[in-house]
Amino acid sequence: MNPLLRRLRSDLFATPADGALSLGLIALITAVAVGLLQWATQRAQWAVIQANSTLFAVGRYPGDQQWRLWLLTALLTAVTGVTWGLLRCHPRADRDGTLWPRNDRLVLGLLVVVVLWLPGALQLTPALQIRWSLLAALLAASRWLAGRFGSKLSRPMLRLFPLVWPLIYLIGMVLISGGLGLMPVSPSQWGGLLLTLLTASFAILLCFPMGVLLALGRRSDLPLLRWISVIYIEFIRGAPLITLLFLGQNILGFLLPGGFAPDRIWRAAWVLTFFAAAYLAEAVRSGLASVPKGQMEAARSLGLSYPQTLVRVVLPQALRVALPAMVGQFISLLQDTTLLSLIGLLELLGVARTVMANPAFLGHSAEVYLTLALLFWSCCAALGLGSRALEKRLDPQTLSRSSSQP
Amino acid sequence: MTSSPTHLMIEARGVQKWYPNGYHALRGVDLSVHRGEVVVVMGPSGSGKSTFIRTFNALEDFQEGSIRIDGINLGNDLRQIDAIRREVGMVFQQFNLFPHLTVLDNLVLAPTLVRGRSRTEVQAQALSLLDRVGIKEQAQKFPGQLSGGQQQRVAIARALCMEPRILLFDEPTSALDPEMVREVLDVMRQLAQEDITMVVVTHEVKFAEQVAHRVVLMAEGNVVEEAPPAQFFKNPKHERTRRFLDQIL
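Quick mapping for you: the protein sequence lines, in order, are chains U and E.
With the numbering used here applied, the first sequence covers 1 to 406.
With the numbering used here applied, the second sequence covers 407 to 655.
Note that these hints are calculated values from the structure, not bench results.
As the structure is a prediction and not an experimental result, all values here were calculated from the model.
There may be inaccurate statements among the hints.
Quick look at which bits of chain U chain E covers, simulated, 3 or more residues with Cβ under 8 Å [said to hold, decoys possible]:
#1 295-301
#2 312-321
Distance ranges between label pairs, derived from CB positions [as the list claims (entries may be wrong)]:
#3 U:166 x E:542: 36 to 42 Å
#4 E:451 x U:106: 52 to 58 Å
#5 E:533 x U:231: 34 to 40 Å
#6 U:386 x E:470: 52 to 58 Å
Every residue gets a Cβ at the ideal spot worked out from N, C-alpha and C, and that includes glycine.
Bound-form chain U, shown alone (with noise of 0.2 Å):
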């Protein structure tokens, strides 16, 4: 018999109930598709995506600064281009890597298509379909380069190498709010997409030290330091993000220095910040836990100082430990970013309500929340998938099973 029906009948026809099991989630399966597909094609008028897809993906930026954005995001898929090729030509000290992986191949076969095919099955203009088309060729020529040459690079410079995404933020937000020459843009006209990615990864960015901080306090053994710690965390994680969103409208331009939190989207973005720190110290602490006394001890006793030993030995052991938990908490952090539309902000989901009051787009609610859907999902998921790699990458005992014992 031809090995793929065997495997098929092994897999889902084992047995007569096994049998009935399977024919019924097929069908289910199939109504559901064939439904969804059905209402895609037939039923949905996309002319409410497309018509609005400026709004959605940057807000009401002034359209002739737009250019500062797409430079931004031809910046970032370069970075993240020779970073994914770095990865690759240097793999771990104890594994031999391909430079391309199938993997690899079929991701970037797979965004090629979607670029390829999504601006135009969306009807947007042609000047934006070839930006598209140009940026997947700036990632693949990235990749590619990093790939090849990349092993040319000294060891310094490869260590230095992280730090160029610190710089990219940076950069990023001069281009988004202007300064330096360039022509101010004030938050309140920043929106959509790029207001949720921006709330976001600046809570991601900035509660990770603090959760780190944060644990490190509540373990300490100075008694000050381990309330306050304890305290924080304990009245941020009682009280809901909405009330302390706010709150923190009211509060925080009292609580922090003046340039700090200018306007409400900061102010937003701060509450954020301050409320992920408080979970993020938890998932952090159990890290902590996780690693065994000995190896504070074995740090300490070949003279390394408190310090070190947290930073070289303690640390990078408790947070891969904490990886999956923290990248648990970003998620539902982007997530929570929808809840800045309660206070008035135009992210994603404000910019989806006043799109829906428009008497114009009545009624296609559906459209709109199934492209919200898609496009939090597909975030989500690229976090997801960067969070596995990096926790295949930094785990010690992978191998150990895999390889041969000596």
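Once you have looked at the hints, place chain E on chain U.
Below, chain E without anything else, positioned relative to chain U:
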């Protein structure tokens, strides 16, 4: 520092320790270890022998008495504790290798961070140490990929890479499968030939007989008997030692 043959590397006087729960673990222990000497500490479990040697590099604190390591008083001064830890290496029962670093980086970490030596120089030294303990070809692997015996040999090499003057062994073979005990003891035998001062907590009688200059029996938080191995195992003075030897021989 002088290096006369009678130079004291470890000098413990009347060391007493209570655990926070009130348990009196060390009850006035005295011990002197000379330069280059190999001292084996034996005793039933709960006798305080591990606790005692862990006070030598301040992994455990003590409440009364004094300990001098190579002439430096082990007090509450953190700088002195750091100075002592640089000179005192320790090998643990559970190896305690850093699982997120390769074998080579396990060795290189402390000398570069603590002594500020260059990475290339330490790497060369680390590789020759790994060669000495017979696992040079595993340098790029992670600890989780090695057997217990290999991990313990890496741990010994890691301690040696700091060039300590004193090396403490806290039951180094107790967590090993029987067939791996020998490869670790062989490395320790080799080390005992050298100038380094060793204090070894172990139950390995043969190792003590062949290698130790002096064997110490601890029981109930005190040193009961100290004698050269021939006398200790053949003709112990104390009743407590005889009872202990009856149980393990």
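Each hint, compared with the structure:
| no. | hint | verdict |
| --- | --- | --- |
| 1 | 295-301 | holds (count 6) |
| 2 | 312-321 | holds (count 5) |
| 3 | U:166 x E:542: 36 to 42 Å | holds, 39 Å |
| 4 | E:451 x U:106: 52 to 58 Å | holds, 57 Å |
| 5 | E:533 x U:231: 34 to 40 Å | violated, 51 Å |
| 6 | U:386 x E:470: 52 to 58 Å | holds, 55 Å |
Of the numbered hints given earlier, the model fails hint 5 alone.
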